[in-house]
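Novice: Going by our numbering, the sequence shown opens with residue 1, and the numbers climb by one from there.
Honestly, the hints are just simulated from the structure, not real lab data.
Possibly wrong hints are sitting among the right ones.
Distance condition first, Cα-Cα at most 30 Å in a straight line; then the derived BS3-like pairs of lysine-lysine [unchecked claim]: (1) Lys-145 to Lys-168; (2) Lys-261 to Lys-177; (3) Lys-106 to Lys-168; (4) Lys-86 to Lys-160; (5) Lys-145 to Lys-106; (6) Lys-177 to Lys-160; (7) Lys-177 to Lys-257; (8) Lys-168 to Lys-261; (9) Lys-28 to Lys-168; (10) Lys-191 to Lys-28; (11) Lys-177 to Lys-225; (12) Lys-191 to Lys-137.
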Amino acid sequence: MCGRYAIFTEEENAELREIINSINERYKDETAKENLAYDQLSQMQEPSCTNTSKVQSKGNSAYTQLSLFPEEPVSNNIYQVPSPMKTGEIFPTNIVPVITGVSGSKKIADLFKWGFPNYRQNSGVIINARSETLSEKPTFRKLLKNNRCLVPASGFYEWKTIENRKEKYLIRSVPDKLMYFAGLYNSFIDKNGIPFTSFVIITTEANSQMSQIHTRMPVILSSAKAMSWINGITPESANNSYISTNTFDTDILSLLKPYDKFISIEKLAI
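Sequences are here, hints too, so could you generate the full structure?
Specialist: Here you go:
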């Protein structure tokens with residue numbers, strides 16, 4: 001499984017910087033439009049409408065909340081990170097970067113919440129989806145066609161129980177500073193009627209190294225496989241002029257294998 005992962009912003013990473021810059025630009029433009037609308041509205045209101053009430057109105061907009069920048073740099077953070085974006089150790093329900101597509105050579109990134117609402121139990125969230133049963137469960141199967149995403153991560157955490165005590169480990173890719181987990185996303189409406197988008201991380205069997213700690217691990221995609229996952233074009237499908245739904249599912253699911261590169265496993269103090 002994958003219950004927590006990491007985004008380290010205190011170390012330089014060109015790919016992560018590109019993703020964060022993409023999100024900043026995305027919400028900076030949308031916030032500018034929101035602020036312009038509020039400015040125009042305030043000019044139409046009576047003089048008794050003070051600047052304070054105007055600022056409070058802006059602060060309540062979704063775009064503004066997603067694009068507020070810290071007035072001072074975050075300690076040890078070398079990036080300008082949007083305020084709602086969680087960094088360091090990532091927990092379920094945190095708001096984090098997710099890649100939903102590519103435009104030319106640039107990744108299309110957004111901020112989503114980790115975890116689908118668990119309507120059956122009416123509590124908690126669904127954070128993982130097993131690769132082996134994706135095509136069998138309606139909740140996930142319907143998302144395979146158009147709602148695939150990549151979840152960038154510096155590493156992930158796992159625990160091992162030894163003699164009634166838990167040991168915590170940080171797992172990272174040795175050849176790559178940034179991992180890309182395979183994921184699925186969907187849109188929902190919360191109890192207050194506010195729409196939001198969230199994602200799950202797809203898991204698979206542990207590879208030989210990871211099996212020392214746990215039987216499962218997130219699906220980590222190499223650069224080539226990550227592009228195939230996000231674009232929906234695998235080497236097999238590229239050679240076929242007609243792709244049925246079943247063939248598409250089979251080709252896409254074939255990408256969801258245990259990681260075949262070397263990983264580092266670091267035991268952490270709890």
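Novice: All hints, please: hold or fail.
Specialist: Right, here's what the structure says about each hint:
1. For the hint linking Lys-145 to Lys-168, the alpha-carbon distance of about 36 Å lies beyond 30 Å, and the restraint is violated.
2. Among the hinted pairs, Lys-261 with Lys-177 is consistent with the structure: their alpha-carbon atoms are about 13 Å apart, no more than 30 Å.
3. Proximity of Lys-106 to Lys-168 is assessed by CA-CA distance (about 35 Å); at most 30 Å being required, the pair is judged violated.
4. A distance of roughly 25 Å separates the Cα atoms of Lys-86 and Lys-160; the hinted pair therefore holds under the 30 Å criterion.
5. Distance hint between Lys-145 and Lys-106 is fulfilled; the C-alpha atoms sit about 22 Å from each other, no more than 30 Å.
6. Distance check on the hinted pair: Lys-177 and Lys-160 sit about 24 Å apart at the alpha-carbon level, within 30 Å; holds.
7. Taken as a hint, the Lys-177 and Lys-257 pair is honoured in the structure, with Cα atoms around 20 Å apart against an allowance of 30 Å.
8. For the proposed pair Lys-168 and Lys-261, the alpha carbon gap of about 22 Å is at most 30 Å, so the pair holds.
9. Pair hint Lys-28 plus Lys-168 does not hold up; C-alpha atoms about 38 Å apart against a cutoff of 30 Å.
10. Annotation: proposed proximity of Lys-191 to Lys-28 holds, straight-line Cα distance about 28 Å (limit 30 Å).
11. Note on Lys-177 and Lys-225: the hinted pairing holds, with a Cα-Cα distance of about 16 Å set against a maximum of 30 Å.
12. The suggested pairing of Lys-191 with Lys-137 holds, with an alpha-carbon distance near 25 Å, which does not exceed 30 Å.
In the structure shown, a violation is registered for the earlier hints numbered 1, 3 and 9, in ascending order.
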